[in-house]
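In the order they appear, the protein sequences are chains A and B.
Per UniProt numbering: the first sequence ends with 485, consecutive numbering throughout.
Per UniProt numbering: the second sequence ends with 1050, consecutive numbering throughout.
Hint data in this document are derived by calculation from the structure and do not stem from the laboratory.
Wrong hints could be hidden among the right ones.
[What the hints assert, rightly or not] 30 Å max Cα-Cα, derived DSSO-like pairs, lysine-lysine:
| # | chain 1 | residue 1 | chain 2 | residue 2 |
| --- | --- | --- | --- | --- |
| 1 | A | K158 | B | K536 |
| 2 | B | K536 | B | K115 |
| 3 | B | K773 | B | K742 |
| 4 | A | K158 | B | K830 |
| 5 | B | K742 | B | K830 |
| 6 | B | K890 | B | K987 |
Here is how the chains run, residue by residue.
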Amino acid sequence: MFFNYRKLALALPLALGLGACDKGLESLNVNPNNPTTGDPAYILTNAERANIYRLFDTPASMDGGLLIIQHWAKVQYTDEDRYAFRATSYQSIWDGFYAGGLQDFNELIRQGQATNNPNLQAVGLIMRSYFFSVLTDIYGDIPYSEALRLSDNILTPKYDTQEQVYTGVIADLKTAAGLIVVNGAAVNGDVLYDGNMANWQRFSNSLRLRLAMRLVDVKPDVARTEVAALLNGTTPVFASNADNAEFTFLSNTPNTNPIYNNRLTRDDYRVSRTLTSRLARLNDPRLSIYANHPECGDSAAFYRGIPNGLTNAAASAFGQFCSSSKVGSYFAAAEAPGVLMTYAEVLFFKAEAIARGFVSGNAATEYQNAIRASMGQYGFSGADVTTYLAQPRVAYNPANYKQSIGDQKWIALYGQGVEAWSEWRRLDYPQLKVAVSPVGAASGKIPVRFRYPANEQTLNTANRTEAVTRQGPDLLTTKLWWDKQ
Amino acid sequence: MKRLLLMSFLLMVTLLQQVAAQNRTVSGRVTDRQSNEGLPGVTVLLKGTTNGISTNSDGTYTLTVPAQGGTLVFSSIGFVTIERAIGTENQVNVSLGSDSKQLNEVVVTALGIEKDTRTLGYATQEIKGGEVAQKSEPNVLNALQGKVAGVNITGASGLAGASTNINIRGITSLGGNNQPLFVVDGIPISNDLNRTNGGPNGTLGGAQQSNRALDIDPETIASINILKGPAAAALYGSRASNGAIVITTKTGASATKKVEVTVTSGINFQRVLGLPDFQNDYGQGTSGVNTTTDGKGDIYTGQVTSWGPRFGTNPTRPNGLLLADNSLLPYRAYPNNIKDFFRTGRILTNGVNLAGNNGTSNFSLNVNNTDQKGITDESVLKRTSVQLSGGTTLQNKIKINGSVNFIQNNQTGPLQGNGGSAFGQLGAVPRSLDLEGLPYTNATGGDIFFVNRDNPNWILRNAPTSGNVTRFISIASVGYDFFPWLNVQYRAGLDSYDDRRKQSFAIGSTRVPLGQVYEDNYQYAEFTGDLLLNAKKDNIFVEGLNANLLLGQQVNQRRRNNQYVQANQLAFTGLYNASIAGNYNGSGETSSLRRLLGYYADLSLAYKDYLFLEGTARVDQSSTLPVKNNTFLYPSVNASFVFTDAFGIDSDIFSYGKIRGNVARVGRDADPYQLETYYVSGSQGNNVASVSFPFNGVVGFTPNTTIGGGTALKPEFTKSAEIGTNLGFFGNKLTFDVTYFKSVSSSQILAVTTPGSTGYLSRRTNAGRIDNKGWEVLVIANPVKAGSFSWDINANFTRLRNKVVEIAEGVERSSITGNAFTGTIPSYAKGYPYGVIVGNKKPTVTEGQYAGQYIINPLTGLWANELTSQIIADPNPDWQGGVTNTFTYKGIAFSFLIDAIYGGDIASFTQATYKANGMLKETGRDRELPHIIPGVIANGDGTYRPNNIQIDAQSYWSNQGTQSDLNVYDATHYTLREVSLSYSLPKALLARTPFGGASFTLSGRNLFYIAPNANFFPEVNTQGAGNIRGLDLQGSPSASSYGAYLRFTF
């Protein structure tokens, strides 16, 4: 009998032992492989470099803006040069900037607020505004106010009008400039200006100048007010080429410029004939920087560009690949900079603002200063500049300021494909001819936007449909809101 | 926690003492009534007590009983139980009659519980160890092929140690693991396939690593029981929603003598199987011309394709056969150039098994070694397994068992995939190239081949992947009958392995010109502890109603670590050491830990041994789910009714009939670390160029593009229902086992795509539903039994239907993770079976008179531009079946297994390449005649006219599209899977020798096949075991083997 009880008693230690196993199950699910909180310095470094890389990478720039604006042309795999852009490009630009860029900058703004660092908030706001403006200039109406809010359970953000986006980013830039305390809290991990907040202030205002000027045809009053405030002489904007917003890549892989990386294994791009012939006609010294001499053939002393939009067959019939001008070594170098905005642009805007009567001044002088600044970027000064400016073809024509500014800005913005494309759409100069053999989807015209990516149609159907109804068909030819005429 | 348990054991052991009372001994012998031989292992129990013993190997027993005697109960599975009162005798002999009328078979079910098959309400199938051993096959999963209904088994290729995918009753998880749970002697073990992804080739270019079930040597297996559905495996919990493979190893318990020694030795040879037929009429060149640079005749400056001049053509300058210096280009066919790239493989197997059983204690020592050289160089498998197990019943009736299995497994294999692999480059070997005869390496160690390509022989030997696995599977269990009706058992097991891999790329290889060493180390440890309480009571409430209640608790913990070092830019040729490199980008580590607690109960009721009802319930608590959802309950119910016994039906024709049915629900937890949104190291770019961090020494992090599941994540659930019947005719000489099942898996844990504008590309949530249903039929017949001759047939048939019913809102299709090949994308699509391949399709007319015909481009005479993103292949077969015929006559046994896999598609990039390069036999037929693609040309007004545009053969064959539907083949094939002829020497002959038994077996595997719609053996899967199937991406072909075995027992 005792025996029996003794046996039962043995069960107790077992039962007790078992209860101890289920404590702390949730603590086991803490990921040891990845951090759950990010140091803002690391986030900023990645966000800046990755997104600038993306801006100059193949889908948006090399196979996009630069071809449309006829700075570059393709000599192999010429589909994009004929406006046959890939669905994967539309998708990767969209997904890349939203999930890989804007999300990061939002996080930085949040962290800046949490740690009471107004400078960090400002940097986040400025970069976020920059890339939102890039997205809207490419696609048109885009999600803005409801975007990036998955944690608020917004699974299908609505598309704001381009007007709402511009209003929003211009307001953000104003806020950002106001937040900046020049020698205040440090911003670590900044690989663009290395934490120099004075530069950021200038960049914020210069960017606002660009975006305000985009509105001249649709909201001239807003444009006038903003521009007048920005160019009143006291608001800090870029004052020299030293203030340019550009990111310097490094000479060793994997830190090199995307164009350099592309040239390591591919050789599809050449300078466009549109560019070489125009610059040759203008005796523009920048041509020697923008393009390389051909490596073989009888025109080795000149610059031989390729017409845009040849079929693959026509392009190979053009001659050996070495007989046409490759893009200038300055741009294809490992350390070539990724340029976000330049002093020359500010001066061009100033000239245009004067011409439109927003501010007072001498448009011709500012125009010449702008050209001088652009030349200065590539090391041209003094006699080179004055000779160039003296030519009648280069002279400022107050009767058609759009043509003068448009033609010269197109040259100055070489390499900044997306921005050059936006300004050409706005100013409608220089006058470009459509590609030689465009695909049917382009309807015989130079594209004025990219199409919405495919998965927006399946995953965000209602909102996308609403945007398309409002903006116009989702085609390459539908003009954007600020692109009047 | 563990310490407490250990202390409890010690407490138990020390507290228990044998209480002596006045006793006497009773002894006797138990014999088989039919043969009069002694029966070992019969349980002799003093009725109403726990006092019992097992008979010795000769059937004798001795039992201590109280002075007043009692009743002895003699029972053994397969025999009718007998009770005999002791009275005053001291000698009680009985003979037991076999229970042959009933289909009695004991199988090991979930948690190691033995059950009689007649009581089971769900489908299982048992394969004896003898059916998988000595079959020329080191991987036990391959040896199961064609034998089990409801199971789909595909080997990746014929390389040594290549993995094998096994799936029971269809795919149930869209994103997770669909392999069944592997259990060895009661504890779950890992069947992971760890992929080494070094180099620029990702999962595609990996070598064929093995799945860890390969570590179990078939010679150590006593039986395998396949538990097919959630009902069968409900007691295993969340890991068994895809069924379970329960392996019982050979222990001493089944031995019949004090010491028994078995020695096995075998040698097998392997040959490559399934190479397509090649043409041997035309050699290197293009458009009928062989052009080498400057006409110098260096074939490696010419084409990789075989569109050159016909052999025997008059050599001229224009056709390239007459060289610039007026000599002739050596130009003839080498019909076996690709076949000779492969060599004859050789598998040596040797093993010794010592086992003994003296009635109270048993032990077993299994030592086995497999040494395989595969069908190519650098394909090697060396496996050594030492298993020591033992069990004893202590004086105080405590039963303890333990086993330790040490396995060392070394595997080396070459890369697969296109580009940088030897198999990929075989497509660049013209028919006139003497691949084996020409040198493949030069004086400095570089390779000699076409520019930007590696010679297959060079890359085979200069980019190997080797792995070294050391594994321990240790199990210990303690059991005690507290009361006659209450048994308590605790079983603990630890499965741990260490897998050290090294993948090297030589300097000068095309894909990694600067060379690379990739060290990839995995450590895995899984601990499982089960506490089982079993109570049984006969005649509960009602006479004839027996009940059995099992209560249990389980603790399971899995820990996994992985460290990888990618040493880029090697400094020295031939020295593959990770210390000597230029940089280490791509190095890192990951680890994961998860714990699962389970509580379960199983109530079985048996009424008069013909009506059975069982209900189970299990509650799991997992560390991988959010706290408020981490506990989930799932039940199952099964019932079976042996109506022949119930209604007393017993005729000569119809001898046994049972119907059974069950419903079950199984939950499943998530993988670890799915709940949080975390940061990852930044990167940006594409396959041409990209950026990564650290950048100039600065690290960069970005929020992951997948937002975590948060606190809302719930477990996945699979609900299933099954009905079946077992019928026996002619005294059970012909039996049928038919099952129909249906299962629905929903609430899957998935990363669902979100619009990019939300800031994330995907979110982890519960979504999706996938349905499975099917038929399984097993027929066993013994048509002829005359004297010593017997003919047995064992046939099985499976028909499964799988459908992805829904994925997530707005998502029609999603790609399966793990694919690294663009163009043909394994995916799952709404409304289709799982695993369809998405690729390009040549457009056809959709309606009207010419519906179904190819649309031809009038400018080129070729197919119009391919439509992208089309579903082109479905790898799921329509049905599968296998028939094994066995003929035995005295000591001779001859058996052969033919299996059929009907339907299913395979997309073959390998064949596409061979075709486009003019290597296949069909490309040589009528090559000089014009070809017209059967199709129609659009007239522009919506009508069509038949195509009449002539094109040359090369254009026809090289424009079929390497990722198009023209290179998808119907994978139907019938294979002579196994053949075996064995001869066991008669006992009379051996009586004067020290041998107790000797047998000699000749066996062969995959000796012959018929694939009506594919010109190669379509049973390959280059990406290895996993959810991706139906892709032949320039991996190794399969292999056939044949050989001989000897087995001696002492």
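Hint check:
no.: 1; hint: A:K158 to B:K536; result: 65 Å, violated
no.: 2; hint: B:K536 to B:K115; result: 14 Å, holds
no.: 3; hint: B:K773 to B:K742; result: 4 Å, holds
no.: 4; hint: A:K158 to B:K830; result: 26 Å, holds
no.: 5; hint: B:K742 to B:K830; result: 19 Å, holds
no.: 6; hint: B:K890 to B:K987; result: 11 Å, holds
Violated hint: 1 only; the structure is consistent with all others.
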